[in-house]
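Participant: Spelled out from the first residue to the last, the chains are:
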Amino acid sequence: MAGHSGDVFIVCSAGARTGVTTTARLLTDYRLFSRAPVAGFDTDPHEPRYGALFPDLVKTVDVADIKGQIALFDRLLAQDGVTKIVDVWHRGFQRFFATVQDIGFIEEARRNGIEPILLFHADVTEAALASAQRLHATWPALPMIVVQNEGARPLGPDAADILRRYPAQHKFFVAALPGPLANALDDPSLSLSRFLLAPPTNMSIVVRAALKSWIVPIFTQFKSFELRRELESSDYLR
Amino acid sequence: MKPSVILIGADKGGVGKTTIARALLDYLASNNVITRAFDTENPRGTLHRFHPEETEIVDLTSTSDQMKIIDTLETAQIKVSVIDVRAGGLTLALQALHDMGFLEAVKEGEFNFLIFHVLGSSIASLEEIEEIAPYVEDAQYFLVKNHVNDTTFFEWDPVTHRKYFEKVQTAGELTIPKLNEIAYEQVEIAGTPFSTFVADKTAEGDPAGHSFVLRGYVRTWQHKISEEFDRVGLLGLVAPLAPRAPAAAPGKPGRTARER
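Protein chains in written order, with our numbering: chain R, 1 to 238; chain V, 1 to 260.
Because the hints were derived from the structure by calculation, they are not lab data.
Where hints are given, some of them may not hold.
Straight-line Cα separation of at most 16 Å, EDC-like style, residue types lysine to aspartate or glutamate; simulated pairs [what the hints assert, rightly or not]: (1) V:12 - V:41; (2) V:224 - R:161; (3) V:145 - V:41; (4) R:67 - V:56; (5) R:67 - V:41; (6) R:171 - R:187; (7) R:223 - R:235; (8) V:12 - V:130; (9) R:171 - R:161; (10) V:178 - R:102; (11) V:12 - V:185.
Label-pair distances were calculated between CB atoms; the ranges are [unchecked claim]: (12) V:56 - R:67: 31 to 41 Å; (13) R:186 - V:178: 53 to 63 Å; (14) R:171 - V:204: 46 to 56 Å; (15) V:227 - R:80: 52 to 62 Å; (16) R:52 - V:209: 28 to 38 Å.
Only some residues are given here: those of chain V computed to face chain R with a beta carbon under 8 Å [said to hold, decoys possible]: (17) 171; (18) 180; (19) 219.
Yeah, the Cβ is synthetic: ideal placement off N, Cα and C, and Gly gets one too.
Go ahead and model the full structure; you've got the sequences and the hints to work with.
Facilitator: Structure (structure tokens):
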């Protein structure tokens with residue numbers, strides 16, 4: 001899912017605790033694991049969890065403020081080959097997309113050869129579905145991936161039916177981690193990309209194995225999406 | 001094509017007349033309507049600062065300047081003239097146009113005459129309507145509510161509304177939306193037309209490096225204004241034979257009422 005260099009991933013949800021920051025973190029770590037350039041933006045100015053995970057890579061911005069808007073959107077439009085990831089704070093969700101619409105960001109990005117991609121986190125509420133539908137109605141051509149994070153917001157036995165109602169082209173699945181292992185993720189010093197390359201020797205073998213078996217399918221989905229995008233843009237397969 | 005004169009004014013200062021004149025010049029240009037403009041803020045000329053190529057600074061009380069505007073309406077290649085009336089000068093300007101026989105010529109159908117009366121937020125603006133009513137009988141008279149600087153308008157209760165509006169027949173109301181303050185300020189600093197700012201150019205045509213966010217706000221604001229001008233059929237009033245602009249990119253001004 002790292003997409004092409006220069007893509008902009010907008011990771012968002014209409015409600016709280018749906019795993020947005022986890023997805024932004026995983027995607028950032030995937031890019032680092034792939035040794036590809038990445039920059040992140042945390043739009044929660046009060047408690048920037050994503051920013052705390054990657055202090056050198058992630059900039060915290062306040063999109064309620066025009067200086068924050070300039071710091072974010074002008075950078076997103078830079079044609080520098082760097083994949084950008086935006087963690088949209090759920091409380092700033094409406095404001096963020098209102099600004100996107102006001103300044104014509106999606107249209108300008110496309111004119112600059114940059115493809116914004118939405119990673120919309122599903123939950124069981126009708127409000128979340130309605131938000132996704134509104135975004136789709138506003139930007140019908142904007143690629144949307146619906147994210148099911150079973151660790152954050154389990155969708156239950158009706159998951160397939162719920163996801164089917166989302167106007168998304170792709171699905172992305174994050175499995176639940178058992179409680180004690182999930183705690184390991186809370187440690188901001190734990191780098192998932194470094195973990196895969198060289199697991200810390202002081203970590204329990206059980207934790208290592210479980211974490212690895214959690215991360216690998218996620219990174220495989222990223223890789224799969226990345227390859228799919230490359231094939232779709234290939235001159236030879238049109 | 002019959003010559004058209006668009007007068008933009010108010011009897012109150014600081015209501016954003018020149019901002020509306022600038023937006024109007026951009027709108028007309030984006031629809032391929034070649035326009036000349038006269039700035040009566042003599043000698044400073046704010047409109048002239050932003051649109052120097054098409055704007056001349058004039059003194060409406062001077063006979064030679066009156067001749068420069070009115071006597072050339074028939075002969076000038078450019079058939080649309082915008083007059084940005086200096087603060088507090090609307091009634092005086094209309095009186096001058098009346099005295100020189102222009103309003104009579106409008107009545108006889110020689111010219112199109114449009115008035116954009118920019119309203120302030122106070123009741124004084126409504127009193128202005130009463131004052132200029134005698135001059136606007138044969139004009140397309142538009143009331144313009146300018147929110148560009150986030151003006152909060154008084155609520156027009158039906159009684160107040162009737163009291164003033166029964167004295168004058170308007171062609172409609174135009175609402176100019178708010179523009180983000182910093183975006184507005186940056187265009188002021190740039191000293192270029194709004195469209196040049198959106199295109200990220202300097203007055204000389206070089207890349208300007210303006211923030212995309214600020215340009216985006218201005219572009220969206222222009223688009224909303226274009227919708228307002230389209231809504232009242234402005235192009236049909238001033239330039240019925242003007243060629244249509246190419247299809248506008250999303251968020252850009254340029255669609256005409258006739259395209260809808």
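Participant: Now look at each hint and say whether the structure bears it out.
Facilitator: Verification of the hints:
Taking the CA atoms of residue 12 of chain V and residue 41 of chain V, the gap is about 14 Å. The hint holds against a cut of 16 Å. Taking the CA atoms of residue 224 of chain V and residue 161 of chain R, the gap is near 40 Å; set against the 16 Å cutoff, the hint is violated. Between residue 145 of chain V and residue 41 of chain V, the direct Cα distance comes to roughly 21 Å. Violation of the 16 Å bound is thereby established for this hinted pair. Using a Cα cut-off of 16 Å, the hinted pair residue 67 of chain R and residue 56 of chain V is violated, with the two alpha carbons roughly 37 Å apart.
Of the supplied pair hints, the one linking residue 67 of chain R and residue 41 of chain V is violated, its CA atoms being roughly 34 Å apart against a limit of 16 Å. In summary, the hint linking residue 171 of chain R to residue 187 of chain R is not supported, as the alpha carbons are separated by about 28 Å, beyond the 16 Å threshold. Taken as a hint, the residue 223 of chain R and residue 235 of chain R pair is broken in the structure, with Cα atoms around 20 Å apart against an allowance of 16 Å. About 14 Å separates the Cα atoms of residue 12 of chain V and residue 130 of chain V, which keeps this hinted pair within 16 Å; it holds.
Proximity of residue 171 of chain R to residue 161 of chain R is assessed by CA-CA distance (about 13 Å); at most 16 Å being required, the pair is judged to hold. Between residue 178 of chain V and residue 102 of chain R the alpha-carbon distance is near 12 Å, which keeps this suggested pair within the 16 Å criterion. Annotation: proposed proximity of residue 12 of chain V to residue 185 of chain V is violated, straight-line Cα distance about 22 Å (limit 16 Å). Look at residue 56 of chain V against residue 67 of chain R: about 39 Å separates their beta carbons, and that is inside 31 to 41 Å.
Checked against the hint of 53 to 63 Å, the C-beta distance between residue 186 of chain R and residue 178 of chain V comes to roughly 43 Å, which is inconsistent with it. Between residue 171 of chain R and residue 204 of chain V, the C-beta spacing of about 52 Å keeps the proposed range 46 to 56 Å intact. The hint said 52 to 62 Å for the Cβ distance between residue 227 of chain V and residue 80 of chain R, and at roughly 35 Å that hint is violated. In this structure the supplied range 28 to 38 Å holds for residue 52 of chain R paired with residue 209 of chain V, their Cβ-Cβ distance being about 32 Å.
Checking residue 171 of chain V against chain R by beta carbon gives a least distance of about 30 Å; that is not within 8 Å, so the hint is violated. With its C-beta approaching chain R no nearer than about 6 Å, residue 180 of chain V sits inside the 8 Å limit, and its interface hint holds. Checking residue 219 of chain V against chain R: minimum C-beta separation of about 6 Å stays under 8 Å; hint holds.
Hint check: violations occur at hints 2, 3, 4, 5, 6, 7, 11, 13, 15 and 17; the rest are consistent with the structure.
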